[in-house]
Amino acid sequence: MLELRAVTAGYDRRTPVLRDVDLTVADGEAVGLLGPSGCGKSTLARVAALLHRPDAGEVRLAGTPVPGFRHRAPRALRTTVGVVFQQPRQAADPRLTLRDLIAEPLRATGRAAEVADRLAELAPTVGLGGDLLTRGPHEVSDGQLQRACVARALVLRPRLLICDEMTAMLDASTTAALVGVVEDYRAATGAALLAVGHDRVLLDRWCDRVTHLASGSSARA
Amino acid sequence: MSAPLLTVADLSVRFRMSGGRTVAAVRDVSFTLAAGQCLALVGESGCGKSVLASALLGLLPGNAQVRGAVHTDGRELLAADEDVLAREVRGRRIGLIPQSPAGHLTPVRTVRSQLAETVRELTGVRGSGLPDAVAAAAARAAFPSDHLDRYPHELSGGLAQRAATALALVGDAPLLIADEPTTGLDRELVDRTVDELRRHADDGRGLLVITHDLSAAARIADRVAVMYAGRVVELADAKGFFGSPGPRHPYAAGLLAALPEREFTPIPGMPPELDALPEGCAFAPRCGRASAACARRPELTDGLACHHALDPAHA
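Line by line, the protein sequences give chains E and P. FYI, the numbering used here numbers position 22 of the first sequence as 22, with every residue one higher than the one before it. Remember, the numbering used here sits 1000 above the position in the second sequence when you count from 1.
None of these hints come from the bench; they were simulated from the model. All C-beta atoms, glycine included, are put in the ideal place defined by N, C-alpha and C. Hints may contain errors.
[As the list claims (entries may be wrong)] Just the calculated beta-carbon pair ranges, DEER-fashion:
1. E:His71 x P:Gly1240: 27 to 37 Å
2. P:Asp1172 x E:His71: 49 to 59 Å
3. P:Asp1146 x E:Asp22: 35 to 45 Å
4. E:Arg5 x P:Asp1172: 55 to 65 Å
5. E:Glu104 x P:Arg1109: 36 to 46 Å
6. P:Asp1237 x E:Ala76: 55 to 65 Å
7. E:Asp20 x P:Glu1088: 53 to 63 Å
8. P:Tyr1151 x E:Asp20: 48 to 58 Å
[To be verified] A few chain E residues that don't get close to chain P, going by computed Cβ distances all over 10 Å:
9. Leu77
10. Pro105
11. Trp206
With the sequences and hints as input, model every part of the structure.
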């Protein structure tokens, strides 16, 4: 599903955060990526989600070599991946209601006609009932906003989910609930998962296998 | 036993919102904290934990209505005016270790300059004695002296945490409040931060830790208070709560069961909105043990507010 070969990436070519990293996620597989803060695991997640262009190396998604990143990534590849970030407040447009937040990827890809149906499916799945969908991010808790961000990541039915510290801000019950949402989706669709985090106990429980990214060095995974 | 360092009695905080809505963030919370002791206040996000900390320090916004009493050192804090709080309480009686320390530090000044200002203001040390006093203040929070001339953005999460802790310790306040001190830190750093905080309790301070991280709470606390929808629903000895016999309130049991090292199953549903709380037990709609009795609100008695407490011996 996802293949990273000899990827070097960072924010300054002289001091890359990741050097020569290999990572493979098979179809339907759940891989946990573990590492201390500052080791580059979020950068790796961004490369895998086509949100950051690596300095060197190759990324293959669903068997296709990725020809460009960010806005240069072809839509068909971009929509193959759903991403959930650590901090929902920084990942949500404060002007949108939760309904529009979840529907945004559909509208951006010209599929606005599906909005009503997908929302009716997804809102109960992630546990957003009542009037929560009509509220803005500042009117809901972190946990509720992260539920909306998970729904947004699932709305295009991605074949690969990337969760970068999805639960680091959340309490134990919301963590278990959102991991459950992701796992139910994967069970129903056979989607693959790359879960990035620092909590070994959580990733061991969640993923098929867990791999380490050591600080500032290369990884073979 | 000596008089408690902090006594909170029937503390309630309500916010008046636009459109006549009222949000009951904290309701009838009572607890005491003794010197050398650590109390962890745990609960889901939005349960009122941080509002409680702000109330103790008089840092609530203008639309807050506060009831109850908070005593420390023979002084009542809720009725105290801003001048007294600023001059005599904050930093001197109560040190606050804030949530997201990187955001709490002044971004345009070095750690040394911020520590020096606080040392000057709180201890009156000036002139030639100042550099030594600053070095000593940094050392108390294990902040490395070779990093004193760095700006906050040049610090890792762990070091920013220690810089904020160093600032909180300068006034030698007998009571420390740490608001989510471990959010966003990785596990190793959480353990180290928590152990460092624990040392300050072992030195004879009272430590109130507000956290949603149950593993951190288990590591640091002597007692644990579980908050749900603004109320304390269980107040227990930490060892018994996290170990054996275990929690007694179904909500507390559900929170612990949600941990990945335990059952990893969530509590069904979500916490109620604080502007539309049910008449009776606020947890009843999510509770497997709820019955007609739960329409009547359970009062906190003997450390527990529940009509159908778990019998830990058989749970």
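Legend entry - Numbers of unmet hints, in rising order: 1, 8, 11
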